[in-house]
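*Asks:* One-letter residues, chain by chain:
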Amino acid sequence: MTNGSGAAAIFAAGVGCFVLAVLAILADKSALIQRSLVFYKPTGPLSGVTTVAILVWLVTWAILEWSWRKKTLPAGHINAIALALLVLSLILTFPPVGDLF
Amino acid sequence: MEITARALWTLIHGMGFGGLYLLACSGALIGLYQFTTSSAAPESTPGQEGFMRIYLITMAVLAWAAVLSGAYAIYPWYRAAPPPGAVDLSLFPQHLLMSSPATIGWHSLGMEWKEHVSWFAPISITMVAFVFIRYGRDLRNHRQLRAAVLVFSLASLVAAGIAGFFGAEIDDHAPVQGGNTIQLRRGEAK
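Chains A and B, in that order, are what the protein sequence lines are. Counting with our numbering, you get residues 1 to 101 for the letters of the first sequence. Counting with our numbering, you get residues 1 to 190 for the letters of the second sequence.
Okay, chain A solo, but in the shape it has when bound (with noise of 0.2 Å):
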């Protein structure tokens, strides 16, 4: 069996996390941005801040998925960039880094 599939979902996780570090940062600087995540109000921004997330990561993880699924690839390298930006993800929705920007 090709690790295609298993790389494809691993590394489109990897971006998930990080599409949603970035946004709650960025609709913790801008006034426009956060107003414009507002996708339920009672819930404010984190509701677009996370559905926009999720759809980016499902979005990802199907072109992925049709690209790389009879592949074999350096599983290696693409498990490395997912896991980079895990932990990235990890650091930045720490509010103190978070701030820094």
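To be clear, the hints were calculated from the coordinates, so they are not data collected in a lab. Values in this document were obtained by computation on a predicted structure and should not be read as measured data. Accuracy of the hints is not assured; some may be wrong.
[As the list claims (entries may be wrong)] Which residues of chain B face chain A? A few of them, derived with a C-beta cut under 10 Å, are:
{"no.": "1", "residue": "Ser124"}
{"no.": "2", "residue": "Met127"}
{"no.": "3", "residue": "Asp138"}
{"no.": "4", "residue": "Gln144"}
For glycine and all other residues, C-beta sits at the position ideal for the given N, C-alpha and C.
Chain A is already provided as a structure; the job is to place chain B on it using the hints.
*Replies:* Then chain B, alone, in the frame of chain A:
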């Protein structure tokens, strides 16, 4: 013996979905490690593989239920704005926390981190469940995929742990209250 509807939802969100997810995480890590490491366990049976699939799918459902109930049921009550001039902030937990230097950090650090980091848990465990279902015991032959799956599982445990810790502390300092009162048991005079 009574509980408010909001407190009940908070209980379902935190101790039901979130608590069960945290409990399941350590089991998933051990199960995934044993199942996918050729040297760590004897050949697994299809029954064990099926159990692990259901276990991971259940975890994914719990993780999504935890974040969705948190964001769309509990969080609106938490961040509700009090009317101008309100003195009693007990029904407005975010504002109650921000009203004192002793508790403001539970919002500015705790909730601000929790509300975002918690979403890494369902994203990660959904990916883990998918990869396990797709590859099953063949993961033993994909060392790099296996390593990534284990690291993402660990990250989901860390994310859920952060969310759980701050959730419990925030609820301790400024509980979500209000809504209909549900009578659990009628007291009897002694």
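*Asks:* Each of the hints needs a verdict: does it hold here or not?
*Replies:* A quick look at each hint next to the structure:
Restraint check, B:Ser124 versus chain A: the minimum CB separation of about 6 Å is within 10 Å; hint holds. The closest approach between the C-beta of B:Met127 and any C-beta of chain A is roughly 4 Å, which is under the 10 Å cut-off, so the hint is satisfied. Taking 10 Å as the C-beta contact cut-off toward chain A, the hint placing B:Asp138 at the interface holds, the least distance being around 5 Å. Contact between B:Gln144 and chain A, as hinted, is supported at the beta carbon level, the nearest pair being about 4 Å apart and thus within 10 Å.
The earlier numbered hints are all upheld by this structure, with none contradicted.
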